[in-house]
Amino acid sequence: MKESYPMENVVSVHNLIKTFDKKPVLSGITFDVSRGEIFGFLGPNGSGKTTTIRILLGLLRPDSGSALVFRESLETSDKTRGRVGVLLENNGLFDKLTAYENLVYYAELYDIPDIQERISELLEFTDLSSRKDTLVGTFSTGMKRKLGIARAILHRPKVLFLDEPTSSLDPEAQKMVRDLILNLSKDESMTVFLCSHNLDEIQKMCSRVAILHGGKIKALDSVENLRENRGVTNVRITLSDVNQIDEALSVVSTIPGVSDCTGTKTGFSLTLSGSSTSPVISRLCNAEIPIEEVVKDRRSLEDIYIEIMREEA
Amino acid sequence: MNPILVVAKKEMRLIAKNRSLIMSIVLFMGIFGGITSLGAIMSIVEGDVESIVSALDSLMMYLVLMLGIFSGYFLSSQAFLGEKTGGTIETLLCSPLPLRDIWLGKVIGVMIPSYAIALLVATALVVLSNIAADFLVLPSIVMILFVLFVVPVYIACAIGLLGFVQLLLGMKENQIINIVLVVGFIGAISVFDSLVAEGVVVMSAPVVGGMFVLSILLLGGIGYMTRILNREKIVTTLP
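Top to bottom, those sequences are chains U and S.
Counting from 572, one number per residue, gives the positions in the first sequence under our numbering.
Counting from 716, one number per residue, gives the positions in the second sequence under our numbering.
Treat the hints with care, as some may be off.
List of simulated lysine-lysine pairs, DSS-like, C-alpha gap at most 30 Å [unchecked claim]:
(1) U/K667 / U/K715
(2) U/K593 / S/K948
(3) U/K775 / U/K867
(4) S/K887 / U/K593
If we take Cβ atoms under 10 Å as the criterion, some of the chain U residues that face chain S in the derived model are [as the list claims (entries may be wrong)]:
(5) V657
(6) E660
(7) N662
(8) E672
(9) Y677
(10) D682
(11) L699
(12) L706
Hints listed in this document are in silico derivations from the structure and should not be mistaken for laboratory results.
Note that CB positions come from ideal geometry on N, CA and C, so glycine has one too.
Full structure from sequences and hints, please.
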């Protein structure tokens, strides 16, 4: 059943600063995550992602600024922690307990009313029903990850913090987890805070992303806006007459914002700063060079991420 | 179920499943307990009733407390330090349980099997004494009260203090501090045992009552100390 909240922002981070041994790890980051949103948190190793998550979860204290979940600090609010699901790098599972015993332990900790039904449902969903009485220590890394996900959503949290949820999963299981996250967000308005190095996964699932580098947020927007606004578009143009390729190249190369003009077998390709191809098309039309096809290769999140990392380097 | 008891139950289940740990404890009990008690039990054959009961009391006071605390030392490593090295503590810290409840649940979960071991040691001493003697040998009422009320609280104190230190400090510091604490406990027990042996302290109901009150105060003090624990201190000392 959907629960209604008086506030729209489930996660609020404001001017968060944290240092370790006088070294700044977070330098005043600010962002909000709305209810039902799948928020991607990206950054290279050492960029401050884990520190941000740990502060949000109440495991670390900020030097200054605030990191609130449902307007509460998770360090002090036991009740709010009960509404949060967590899957960190460690799955939180005990090797010497069976899959079932692990889930029962967490179900009892969170005081879940329908323990048996919920565990059966999640074991079936993660395809681990037949292994429920097997010691977790004998599980493969992927199986442990799947059980870790089941554990994280066992108590039907309202917000879910996931750190590399699909790492070490096979492609089928990755898709299962992706579908699960999308369903939880869509059907139960669950807010998902997703840390991942898998940029394709982030692009497929997240409505907004923050890209962190050196303890600062370098980009914070929807994936679509980042792809639209940040930078360049690669364009491939096929001409009706391949004999006009050289002429076309000389025409378009003078257009401001156009670069990397290269001839191909059927036409040419170029890079646009921005996304509008109309100056190129109109200039070719004015020069009476017939166009067969124009294809815009939209840049992926990975391209944008790498570009930001290069800028920072 | 109360979440403190959920944590305690999980600790007991993990202890029951850790065969190598149980074997280590049994081996230690056998060697240490055997060496310490063998001579004393053999002397029972030649003594009168009073001296036999006195010998059994002395043996029980020393061994039951000592081995109970040693069991707590072995088992607490898994419950506190083990959860830090295994990384599961982070997930537990994200649960709705207050930090002190987590500590208390673990103390209870380790204390119960440790005390069960102490009771087994006490039973074994009584059985061996009866095998050695020609007549029924039972410990004094005072010693029975000591085993029933004082021993479990001192075991809980030892586990509570060890657990607190293991949560608070990093791995290297723990290796040193844990040994210091255990040696301290052994030293304290040995000193008390020699005071009783020399007749400076006579084990009587008021003495046992005083020890009980002291143990409760000690446990309360350790519980109060856990106020300085916080999640950041635990997370920043993870290996």
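Q) Which numbered hints does this structure break? A) 11
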